[in-house]
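Spelled out, the chains give:
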Amino acid sequence: MSNTIYILFGLCLAALLLMVFERRVYRLIIYTGIFSLIMAGIYLFLGSPDVAMAEAAIGAFSVIFFIVVAEKYYRKYKKNRQLAAEGKEEKKHMEKPAKSFSWGNAIFGLLFVGGIAFLFLHFSPSMEAREYTTYLRDQFLVNAGHDVGGQNVIGAILMGYRIYDTLFEALLLVMAVTAVTQLSFFGDYAVKQGTQSVVKKDKVAFYSIRIISPLILIFGIYLIMNGHISAGGGFQGGVAVAAFFVCRYLIHNIYDLPVKKILSMEEIVFFALAVFTVLTVFIAPAVLQYETLRSETFQTIQLVSANALVGIKVACGFFVIFYRYIAVERTFE
Amino acid sequence: MFGLGFLEVFPLVLIFVSLFGIITTNNAIKTIIYMTILNAGVITFWIILGSEYGTTTLPPIMVDDIISQTNYLERMADPLPSALMITAIVIGFAVTAVLIIILISIFRRYRSTDWRVIVPLAKKDYKGEFKPFEEDIPATPYPAKGKGPIISEYIKYPGPGLKREEKGGVK
Amino acid sequence: MLPYFVIVPVLMAIFLFIFTSVKSSRVVAIFFQLILVGFSGYLVYLTRSESILEFVGSTDNFLSIVLYAFDFNTILIGLTTVLFLVVIIYNFHQEQGKMFWLLLFIWQAVLLGILLSRDMFNIFVMMEVAGVVVTMLIMTKRKTRSIYDAIFYLLANVLAVQFFLLGMAYVYRLTGTLDLHLIAERLALVAQEDVTQLYLPYALVMTPIAFKCAMVPMSIWVPKAHGSPGAPTGVSAILSGMYIKCAVYLFITFQGVFAPVANHAFFVILGAVTAISGAIMAMSNHNAKAILAFHTVSQVGLIIFGVSLGMGDGYYSDYAMLGGLYHLVAHALFKSTLFLTAGIIKRSYGSLDAYVVRGVLKRMPIVGTAMGLAILGIMGAPFFIGSISKYYIAYGNDRFSLFFWLNIIIGLATIISFIKYGAMLFGKDPGIKGEHPKIDKPRLISVLIWSTLSLFGGLFGAQFINYSFESYVYRQSAGYGATANGSLLTTFTGDYMLGMAGYYEKAIWWILSVVVGYLLFRYVVKGNKVLKKLSYLDMGIKGIATCILVFFAALLISVGFM
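Top to bottom, those sequences are chains G, B and E.
Heads up: the first sequence is residues 1 to 333, going by this note's numbering.
Heads up: the second sequence is residues 1 to 171, going by this note's numbering.
Heads up: the third sequence is residues 1 to 562, going by this note's numbering.
Hints in this document: simulated from the structure, not taken from any laboratory.
Just to be clear, a hint being listed does not mean it is correct.
Said to hold, decoys possible - One-sided and incomplete, this derived list gives chain G residues near chain B with beta-carbon spacing under 8 angstroms:
id, residue
1, D50
2, N105
3, L110
4, V113
5, G115
6, L172
7, A179
All C-beta atoms in this analysis are idealised placements derived from N, C-alpha and C, irrespective of residue type, glycine included.
Produce the entire structure from the sequences given, and follow the hints as far as they go.
Structure representation (structure tokens):
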């Protein structure tokens, strides 16, 4: 265990402390992003680069959404405070309770959680390894190359052994995207194509994003295509590709991608993923011979297609969520 | 104390701090942020477990770089927790996204982020005594197709022949 | 074959959403659902004699995910598919669009996934997806309070499920596998060395499952989610009917997996407390849907009471276990009938207030009869399923007097709330009309189908028990080990026909309870101010988080220090 990880642990605890004592919501959201990044570093040094990539990418996206929701509420609140300061009437509904922190609340919380922590640690089982603790791990490491193919054992588990779980996780993303588009408040599906947005631009950010975003796209496609050989995979690559479209929005300021079509594309790709799973995992073993099933070509085709389908689906989904949050929710007010 | 090392206690610290936060915070956005930290804590617990408490930290990827090392099979991290945790991270994100979108609807209706304001208002709503704040936006259902505000009306489209400085450089 | 039960509804859902128009989607949905009902019937037939084990993944060993069907969960699967068919017919003329079908079919896929799966992480993923789907369904109509209900439910659900994930980490460390059967075997080995290692994982895993089963400190989400005004009636029916039953199924499974440490006495007491508190809260409400939702809490408490009695060591009783399992099925049938008829009443009268609506039997005789029969069934009248199951729970225990009186009290509370509810049937019609005074044909048909099913289940109850549950019941036995076909359960046969003398005695107790209940209702409950205050109890997110932690601490203490 290198020293880097201890530095990361220390940074993480420092970030946690900052987050607990911070009362301003905007800053708290930025700290969440920093916290995500530090956790990604910790996962990397603990031997899971795939998890680290997923956490970093998804943490970044979450921060965007938190900022949108905070802005949604607090912008109005700031406007009203401004109005009140200028002497105009403050709208009645913006009542803020007198105090947001009370000692009684905090002490009750501390005692309660302290009690739970004591119980927890008192009954904590000893985590030493038993004879069969590493059995599954050894089996996976030894057999994954032969059974599913490729060199990335984690990818083999996700796309081969436990593809049933991966299917439902992709389904959950489809559900989340559907929720975001349907539960959102507006009657309109999307802004008119070509509309400008009110993003203020900074020259440094503008030019640096212009240089970096094609690299992000290439990196995303690399992660998707090489997910079975090195660290990476469908999810991480998909989020990177979605990040490219986010950058594109930031550069050009316009909404020119047809959101409805991308939404349908996402669902069709998910459908294709489900059908593909059924074909390769259920029907193929019954139809094809064992040698073909375990041959390198078949396995590579299966892994690459699964990763590609998942990547496209995730990219479309994240793009739609981002678009809906930023474009529609943000520009309406 | 309690016979636990640093690596075992670290994720538990994250979990307990987030539980403390969920119990005591009055702000709705902070509740969701603490849920994110709780998720991160549980995932860290799994990953530390997968690395056998810091002893096996080689990534489980069979590239030449790693295979050429000695004893690589014994030093590889457990692939199963990593795969499961990628799923858990994606699930956590999806749930956070849905929570945030519902929170926006709640803000719109009850005009507050504070649970101490939202909960009594929701109670009044249930009894039918809650009057939606009058604004240009209807406080209840999502307007039917064609009747809602068209967003593009709010944004001025400058047109294609815009000069360079008007396109949005530094203001 | 088994994974198709879960993947095919997902494919159907997306197909319905993308490739059909709004009008044709209804017919196609019914067609798809009929296919699913047919296959689940076939599965029920197949598992009468043997259980089916399948591996889903690239290999056919325990590295992949395990799906398992035996005779108990296939009954639940059959019930789920038929209930969904009824709800789809019910919603034939609905105006929510294709999104509704998408969510409904995905929900069905997830419920079937939970019932069939034997892999712990798979159950976790399904629980999360179910949480999100139910949230979206609760918010469908976007009426008044449903947004708050949705976020309350989702926050509490996600918090509880994180506990499950953490508990799973400890279990994985202790046993090195995620398959429930192997976990059970290896936990028994660990328990032989040192049982105290299992206390924390047990509390961590059982807390979210007890949350989903609406155990007492955490039961406040049920009336919010099930009785939410924004949820379409069919959704409430499935929520109270099948969703909670899947949670009870998980409860039974995990109590079996953690058999060396499982604390059955704790759940016996908690089940009784839940039953009584749910019934008291049901008495306090006016809104018909809210009465039904609170009552669900009570009945699930009763089911857990019966099932824990049956699984426990000292309170050994097969009758209680069977009564609990049968009440699971009975309650699913009756409660969903009541929800569906409540929906019809809402459309016809425009209001769901139990003090305002009157004369349902006159205005809509068929619906009224169905409702009346369901009420009689749920009150435990003789000849109905409810009475058989309650009889079994009441009489099937060693300590006769304490539990007997508990059952009488619970039955009394149920009767009181349903006297209030049943008053809707009689009396003078107030003449108010809702938006759609004419009854929808599909709704009528669906209610008819479902209540006939309940009636048959009631009349032929004992035979149904013998057909469904006779061979498999969980039992804690010394020398834990797998039986020949790899099942966690041991066989168990017996004759469960009721003795007629016991039946008459039960009928007399029931009539007495109805009389006492009516008197209590008239002079104590009606217009009681204290009860009215109780009905609007709301604790917010901080409250429910505290309650979940309190339950966790209580469970850990009861397992660890006693």
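| said: Please list, smallest to largest, the hint numbers that this structure does not respect. | reply: The structure conflicts with hint 5 only, although it agrees with all the remaining ones.
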